[in-house]
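Engineer: All residue numbers for the sequence shown refer to UniProt numbering, where the first residue is 1 and numbers rise by one.
Check the hints yourself; a few may be wrong.
Unchecked claim - The calculated lysine-lysine pairs, modelled on DSS-like cross-linking and capped at a C-alpha distance of 25 Å, are:
1. 105 to 160
2. 240 to 101
3. 160 to 240
4. 235 to 160
5. 160 to 101
6. 102 to 259
7. 134 to 379
8. 105 to 240
Please keep in mind that the hints were generated in silico from the structure rather than gathered at the bench.
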Amino acid sequence: MSAVFEKPPLWRRAAPLLQGFDGPLAFAVFLLAGAGLLAMYSSGFDHGTRFVDHGRNMLIAGFVMFVVAQIPPQRLMALAVPLYVLGVSLLVAVAIFGITKKGAKRWVNVGIVIQPSELLKIATPLMLAWWFQKREGQLRPLDFLVAGALLLLPVGLIMKQPDLGTSLLVMAAGLSVIFFAGLPWRLIVPPFLLVLVGMVLLVAFEPQLCEAGNRWPVLHDYQQQRICTLLDPGKDPLGKGFHIIQGMIAIGSGGLFGKGFMQGTQTHLEFIPERTTDFIFAAYSEEFGLAGNLLLIAGFVFLILRGFAIALEGSTLFARLMAGAVTMIFFTYAFVNMGMVSGILPVVGVPLPFISYGGTAMVTLGLALGILMSIARTKRLVQS
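Produce the entire structure from the sequences given, and follow the hints as far as they go.
Structural biologist: Listed below in structure tokens is the structure:
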């Protein structure tokens, strides 16, 4: 009689929660997280509790991923409009009575101090995927214009803070949804060519455009300075060009196989600024060299390819668009961070996924992974 009421072991009760998880995606994240812990221990062991906090943030992100993975995509779609409205409302609140730090108004106190722009990294593509799901089978040019307006509203509010890095991430995620929804190529090619011509002209006329006192429209002064510094960091090697120059020195000095774990002189002599956050890739490159960089890039490439594979297998248009957008978030994070540290992109506040220190960004990554896992898990459970 006792056997009838005997509880099954804990592992058997937990098994349904783990059923359907995507093994290759989890493996890629595990490898990148391991590289992140190595890099953080080396660059942040003498930086207070950075390493311990980084490990804690990874555990929190893992918990968020596990919880979100249990939510079917249909329920995630029901959260799209509320999350978007909440996020935009908080951005408006930031603009009206936000908290200013270091010249930027990016935070608001709602009992606790939060940075609403982080929420929009997920809420914006979620809203756009919801919009195109509702318009499936009857898309018109007007629908793409509405999607553009839904994207430009949060991007404009974030740029006003100013926060160029986050606005680029939100823009990239939103544009990927619009592109994957079927934006015609005739609307893609002209803006692309315009940007390309603008970049060529910027490089060609850099001496005149970056003259002292020459003010660019639209961009803030610090954003203009970052672009000019990228074009010629040697103009101010001990000032605004210091970040880029030291990052390139660290990457170059790593050579083929690096100086070895904990042996980076640029890192430990504190020549690399923000070595545990935005510029941790420079510290990693110095110690692990080109070989280590190639392995790290391979990990990101595998993660991105797996994300696109999950997107192709999505059971609904919403699932496919959301998985594609989340995958593009990882690509944009990695590309922009590595590009700015390597001196091919302006310096913006974009962390390297799983490697850089940052609690809010890590939770956002956990949420994004949870969405990917949810889409993959739902497809597998239906097939089984």
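Engineer: Each of the hints needs a verdict: does it hold here or not?
Structural biologist: Consistency of the hints with the structure:
1. 105 to 160: holds, 9 Å
2. 240 to 101: holds, 20 Å
3. 160 to 240: holds, 22 Å
4. 235 to 160: violated, 28 Å
5. 160 to 101: Distance of about 14 Å is within 25 Å: holds.
6. 102 to 259: Not satisfied, since the Cα-Cα distance of roughly 35 Å exceeds 25 Å.
7. 134 to 379: Cα-Cα ~21 Å, so holds.
8. 105 to 240: holds, 22 Å
Of the numbered hints given earlier, the model fails hints 4 and 6; all others are met.
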